[in-house]
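Number of protein chains: 2
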Amino acid sequence: MRQFVVVGHDAPTAPEFSLDDLPGAGRLDVLCRCVNAAFFLSHAIREDARCLLVLDDAFTLRFEGSELRRLNPDERSTGALVRNALDQREEAVGHVEAETSPGVYLSRRGFAATLADVAEGSAVVQLHEDGAPVVERDPPSDPAFVLSDHEDFTDREADLLADAADARVRLGPEALHADDAITVAHNYLDTGGFRRY
Amino acid sequence: MRQFVVVGHDAPTAPEFSLDDLPGAGRLDVLCRCVNAAFFLSHAIREDARCLLVLDDAFTLRFEGSELRRLNPDERSTGALVRNALDQREEAVGHVEAETSPGVYLSRRGFAATLADVAEGSAVVQLHEDGAPVVERDPPSDPAFVLSDHEDFTDREADLLADAADARVRLGPEALHADDAITVAHNYLDTGGFRRY
Numbered sequence: 130m131r132q133f134v135v136v137g138h139d140a141p142t143a144p145e146f147s148l149d150d151l152p153g154a155g156r157l158d159v160l161c162r163c164v165n166a167a168f169f170l171s172h173a174i175r176e177d178a179r180c181l182l183v184l185d186d187a188f189t190l191r192f193e194g195s196e197l198r199r200l201n202p203d204e205r206s207t208g209a210l211v212r213n214a215l216d217q218r219e220e221a222v223g224h225v226e227a228e229t230s231p232g233v234y235l236s237r238r239g240f241a242a243t244l245a246d247v248a249e250g251s252a253v254v255q256l257h258e259d260g261a262p263v264v265e266r267d268p269p270s271d272p273a274f275v276l277s278d279h280e281d282f283t284d285r286e287a288d289l290l291a292d293a294a295d296a297r298v299r300l301g302p303e304a305l306h307a308d309d310a311i312t313v314a315h316n317y318l319d320t321g322g323f324r325r326y
Numbered sequence: 130m131r132q133f134v135v136v137g138h139d140a141p142t143a144p145e146f147s148l149d150d151l152p153g154a155g156r157l158d159v160l161c162r163c164v165n166a167a168f169f170l171s172h173a174i175r176e177d178a179r180c181l182l183v184l185d186d187a188f189t190l191r192f193e194g195s196e197l198r199r200l201n202p203d204e205r206s207t208g209a210l211v212r213n214a215l216d217q218r219e220e221a222v223g224h225v226e227a228e229t230s231p232g233v234y235l236s237r238r239g240f241a242a243t244l245a246d247v248a249e250g251s252a253v254v255q256l257h258e259d260g261a262p263v264v265e266r267d268p269p270s271d272p273a274f275v276l277s278d279h280e281d282f283t284d285r286e287a288d289l290l291a292d293a294a295d296a297r298v299r300l301g302p303e304a305l306h307a308d309d310a311i312t313v314a315h316n317y318l319d320t321g322g323f324r325r326y
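Same order as they appear, the protein sequences are chains A and B.
When we follow our numbering, the leftmost residue of the first sequence carries the number 130, and every step to the right adds one.
When we follow our numbering, the leftmost residue of the second sequence carries the number 130, and every step to the right adds one.
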C-alpha cells in the first residue's frame with residue numbers, strides 16, 4: 130500500500146465554493162491534482178494507493194484506490210467529489226468516517242490524528258530538501274509520503290512529522306509541486322528504486 | 130533546452146468551447162496538464178523548457194518557458210490561454226507564428242511539420258513501452274520528448290516518429306498519462322539520469 134497525505138492549509142471545510150474557481154477555494158486545485166496523481170495510470174487506477182487530504186486541520190478526506198468509482202483525471206470533477214463530500218459533512222461525527230461516494234470517506238480529523246493513524250502501519254516518509262537523495266534508499270514496502278500544499282508545513286506540523294518520520298528524503302535537486310512529487314514517488318516505487326529497474 | 134511535443138488528436142481548433150468542460154473539449158484537460166507539467170517548479174517556471182501542443186493536426190501552440198508570463202498551475206487558466214490563442218487564429222498565416230499572449234505562439238502546423246522543426250536541433254525521444262529503460266541511457270543534452278494525449282499515436286504519426294527518433298525509451302513499467310510522463314522525464318533529467326544523482 131502506498132499512501133499520500135496532503136495537507137491543505139486553506140482548504141474548504143464547507144461546500145460553498147465554485148468549481149469554476151478551484152484556486153480561489155483555498156487552492157483546492159492543488160489537492161485535486163494530488164488525488165489524481167495518486168491514482169491514475171494510463172488506463173487504470175492504482176488500486177494499491179490511498180490518498181488522504183487534510184482540510185484546514187478540521188476534516189480528512191480519504192480516497193481509497195481499490196474502491197474508487199467516480200474519479201476522473203480532470204481537476205474540476207475531483208473538486209466536485211470534494212464538494213459532494215463536504216455537502217455530507219454532518220454525517221461525519223467525531224473520528225467516525227462517512228462514505229460520501231464510492232471509495233471516498235470523510236472524517237473530522239486534523240493533521241495530528243491523521244498522521245498518527247498513518248504512522249501505525251506505514252513507513253512515514255518526509256520529503257525535504259535537506260533529505261537524503263531518494264535513490265540512495267531502498268524503497269520501503271508500505272510508504273506513506275506526507276506533503277504540503279502550496280504553503281510550507283507550519284512549525285507544529287513539521288515537528289509532528291519529524292517525530293513520526295521513518296525517513297527523510299528528497300526526490301531530486303528541484304523543489305516540486307506536491308502532485309509532481311507524488312508522480313515522481315510513484316515512479317521511484319514502480320521502478321524498484323531506480324537502480325534496480 | 131527540454132522540449133515536449135504533445136499530440137492532441139481531438140483538440141479544439143476554434144475558441145467555441147467551455148472552460149467548464151475541458152474534457153468535453155477534445156480532452157483539452159490532458160493538454161493543459163501537460164503544459165503545466167512542462168513548466169512548473171514549486172516556486173518557479175522552468176525557463177529552459179518548451180512545450181508544443183499539436184491541435185488536431187491543424188495548429189501548433191508553442192509555449193516558451195523563458196517568456197511565459199500568465200501561466201497558472203490550474204487546468205482552467207491554461208485552458209483559457211489556449212482559448213485566447215484560438216480566438217486569434219486568423220493572425221496565424223501559414224507557418225508564420227502569431228504571439229497570442231506572452232510566450233505563447235500559434236501557427237498553422239500539423240504534427241509532421243512540428244516534428245520536423247523539433248528534430249532539427251534536438252534529440253527526439255520516443256516514449257514507448259518496448260523502449261529501453263530510461264535509466265540505462267545517458268540523458269541527451271537537448272531532448273525533445275514526443276507524447277500523445279489520451280489516444281495512441283496513429284499509424285502515420287508512429288511512422289513519422291520512428292523515423293525521427295534518436296532514442297526509444299520507457300520511463301518505468303507502468304504506462305503513464307502524458308503529463309505524468311513529462312514530470313518523470315523532468316526528474317530524470319534533473320537528477321542527471323538517476324544513477325548519477
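Mixed in with the good hints there might be a few duds.
Stated by the list, open to error - So the derived list for chain A, only partly shown, Cβ under 8 Å to chain B, looks like this:
#1 His138
#2 Ala143
#3 Ser147
#4 Leu151
#5 Phe169
#6 Leu170
#7 Ile174
#8 Asp203
#9 Glu226
#10 Gly250
#11 Ala252
#12 Gln255
#13 Asp295
#14 Ala296
#15 His306
To be verified - Here are the simulated distance ranges between beta carbons:
#16 B:Glu220 x A:Ala287: 15 to 25 Å
#17 A:Asp139 x B:Asp139: 45 to 55 Å
#18 A:Glu145 x B:Glu258: 14 to 24 Å
#19 A:Pro144 x B:Ser270: 27 to 37 Å
To be verified - Not the full set, but computed from the structure, chain A residues with beta-carbon under 8 Å of chain B:
#20 Gly301
#21 Ala304
#22 Asn316
Derived by calculation from the structure, the hints in this document are not laboratory data.
Because the structure is a prediction, the values reported are computed rather than measured.
Each residue gets a CB set at the ideal place from its N, CA and C atoms; glycine is no exception.
Hints, one by one, checked against the model:
no. : hint                            : in the structure
1   : His138                          : violated, 15 Å
2   : Ala143                          : violated, 21 Å
3   : Ser147                          : violated, 10 Å
4   : Leu151                          : holds, 6 Å
5   : Phe169                          : holds, 6 Å
6   : Leu170                          : holds, 5 Å
7   : Ile174                          : violated, 12 Å
8   : Asp203                          : holds, 4 Å
9   : Glu226                          : violated, 29 Å
10  : Gly250                          : violated, 24 Å
11  : Ala252                          : violated, 21 Å
12  : Gln255                          : violated, 16 Å
13  : Asp295                          : violated, 21 Å
14  : Ala296                          : violated, 17 Å
15  : His306                          : holds, 6 Å
16  : B:Glu220 x A:Ala287: 15 to 25 Å : violated, 50 Å
17  : A:Asp139 x B:Asp139: 45 to 55 Å : violated, 36 Å
18  : A:Glu145 x B:Glu258: 14 to 24 Å : violated, 45 Å
19  : A:Pro144 x B:Ser270: 27 to 37 Å : violated, 50 Å
20  : Gly301                          : holds, 4 Å
21  : Ala304                          : holds, 4 Å
22  : Asn316                          : holds, 5 Å
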